[in-house]
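Student: Listed here are the chains, written in short residue letters.
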Amino acid sequence: MHITQAKETRHTLAVMVDNEPGILARIAGLFTARGYNIESLTVSDVTADKAVSRITIVTSASDATMEQILAQLDRLIPVHSVTDLTALGPHVERELALLKVSGVGDHRIEALRLADVYRARVVDATTTSFVFEVTGGREKIDTFVTLMREVGLCEVARTGIVAMARGAKAV
Amino acid sequence: MTELSGADILIEALCDLGVEVVFGYPGGAVLPIYDALFRSGRIKHILVRHEQAATHAAEGYARSTGKPGVVLVTSGPGATNAITGITDALMDSIPMVVITGQVPTALIGTDAFQEADTVGITRHCSKHNYLVKDPAKLGATIHEAFYIATSGRPGPVVIDIPKDVQVATARYAKPGPIRHKTYRPQVKADQPSIEAAMDMLAAAERPVLYTGGGIINAGPAASQLLCELARISGAPVTSTLMGLGAYPATGPQWLGMLGMHGTYEANMVMNKADLVVCLGARFDDRVTGRLDAFSPHSRKIHVDIDRSSINKNVRVDLPIVADVGHALEDMVRVFKARRHPKPDLRAWWTMIEEWRDKRSLAFTDLPSDIMPQRAIRALWEATHKRNPIITTEVGQHQMWAAQHFGFEAPNKWLTSGGLGTMGYGLPAAIGAQVGNPKALVIDIAGEASIQMNIQELGTASQYRLPVKIFILNNEYMGMVRQWQELTYSSRYSESYSDALPDFVKLGEAYGWKGIRIQTMGELDDGIAAMLDYDGPVIVDCRVAKLANCFPMIPSGAAHTEMLLQASEVSGEMDDEAKALV
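Residue numbers (my numbering), protein chains in the order written: chain L, 1 to 171; chain A, 1001 to 1581.
Please keep in mind that the hints were generated in silico from the structure rather than gathered at the bench.
There are no misleading hints in this set.
In silico DSS-like cross-links for lysine-lysine, where the CA-CA straight-line distance does not exceed 27 Å: (1) A:K1181 - A:K1133; (2) A:K1438 - A:K1067; (3) A:K1545 - A:K1513; (4) A:K1545 - A:K1358; (5) A:K1137 - L:K50; (6) A:K1385 - A:K1513; (7) L:K50 - A:K1133; (8) A:K1174 - A:K1067; (9) A:K1181 - A:K1137; (10) A:K1181 - L:K50; (11) A:K1067 - A:K1181; (12) L:K7 - A:K1578; (13) A:K1272 - A:K1342; (14) A:K1342 - A:K1188; (15) A:K1181 - L:K169.
None of the values given here were measured: they were computed from a predicted structure.
Use the sequences and the hints to build the structure in full.
Tutor: So this is what it looks like as structure tokens:
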């Protein structure tokens, strides 16, 4: 007997939740308990009174599972709203990454050139290292990270995706 | 306003919420609450013998009365022992509030004595949970917990209260009506959907009403409305295990239960229907059988208060998110207002009568051994006029009870459906008897399941609860054995109930009356003796050892592939079938 997998597509969700202890465990635990994927998850409070957090989740699922994910998230008591940004239409996705590159000589110059092309900023420098800050979509950062490997990349930190629908309407 | 201790706030809040009885077990981390309970004297406490039983007793109380069940247990093992019942209540949508003690806040996270991460452990087996660290928030939290447990799709809510929060003082005031900032279940259906549903029902040639536990949860009025909708539409009615009793078993349109051990007619109706109206059920795998063969010719309407139930297993054509009681009320009103004539379903009923003629629940009596189905029917004959409350354990006896004991009204049938928890029946019967002191409460049990919470014999003795246990004793974990016959060439791996106790003597040791029934000749008299005794009785009814439960849809099979009798049982199944639950 072999187990077959259903075809999955990638979705970016915006989940507004009460900013209370355990909320992240509720969301993350829901995904593990029901066998859903999480590719990326970011969270931060977004209102003036710090009472509401926005969680951005990138997940892959079949269409039927996606409908379940939205309904199951919506069912959690502290969840205010769930928006499937991918289904909603055009939206902006951004991620921030910090990359530490160490080396001397040509590698340093090449690293700076590449950083310039990718509009990465130098946020720390020593005679043997740089820390670059770069923002962009996932693909841009993936490519930048790959290129920097060849010029002495030794550490990467990425925030995960934050996303927002284009246009005047708020979620 | 004077300040109260957290423990006193809890008692005040419970009284304000109308709580009359709590099922629990004391321990170090709930001593302040037990002292407050003692001093107040306003809430009855039922001392169980194991915390799991407290949760099932609360479920039995809730299911039979419609009121939320309340559980009080200590930290650590008290809370972890309650997990099975909390999960059971989640699966079967039973309103329950579980109060757990916790180590003092300063000790949380230090691996203190009897510490467990109760909110972490119960996060995914409860509808919601709380760790209360501020006594000032305790009162409001308790009120909110009851609101969440009893509204929308009911379920268990856990409140974990550290011991220092029970002792510290704060002000308490009874809050007004709760309007939760995020949790607002949709109770009323949108009108166009109801109208569309009734137009579909009026136009259908082969409709069926497929009902579930949601109708029981919606209250007795929902069952009345279901009967009315059945009457005006003429549609046949079938039900899940959890929904038995919503439509009376003696009703003319009753098909019996559907699904894995459902009747031939119920499953054939589902298979051939052109319209399935699902009311408060959730297309569970025990009901659907093989999904790609489930009711292939029908359009489907699904009424459920939980949006996540819709399209979870089966795609439906018309989803209606609503409390099924409200939806039924609207449906009956709209059906009448639109002056739909009663549909002509004569051709459909002719087909149904042919399926009924299969008599799929028929069995052959043996000259000496008691067939388990016969025992259930004899029990029904002797008791149905008293409107008994029946609880069960899990296994063959449960399915035979569902098939052969006719339920005429809601809230009379208490069984562990979703989780399938052996050991549910006796504590559930205790809870039901506490909530219905005058009712006849019978736990139909198997000799294996009953041993999973057998210690609760003592609870019934202590509170003089006249519950009856009727054990169908075949010396096997019968359903396991049945599956082994079907799937594993009758290799009976660990399914024989060896070293059984003498249930009669065991009952007597706890102050119960014990009765043994061994032959057909003793059956009716034994049942009569059980009913005549004014106190708890345990009946050890020896039944045919190798009887199996039919009809049966094997795992992964379609509704049309029912096994109707033992001779159809084959020896071994392929890996795909073996991998299914």
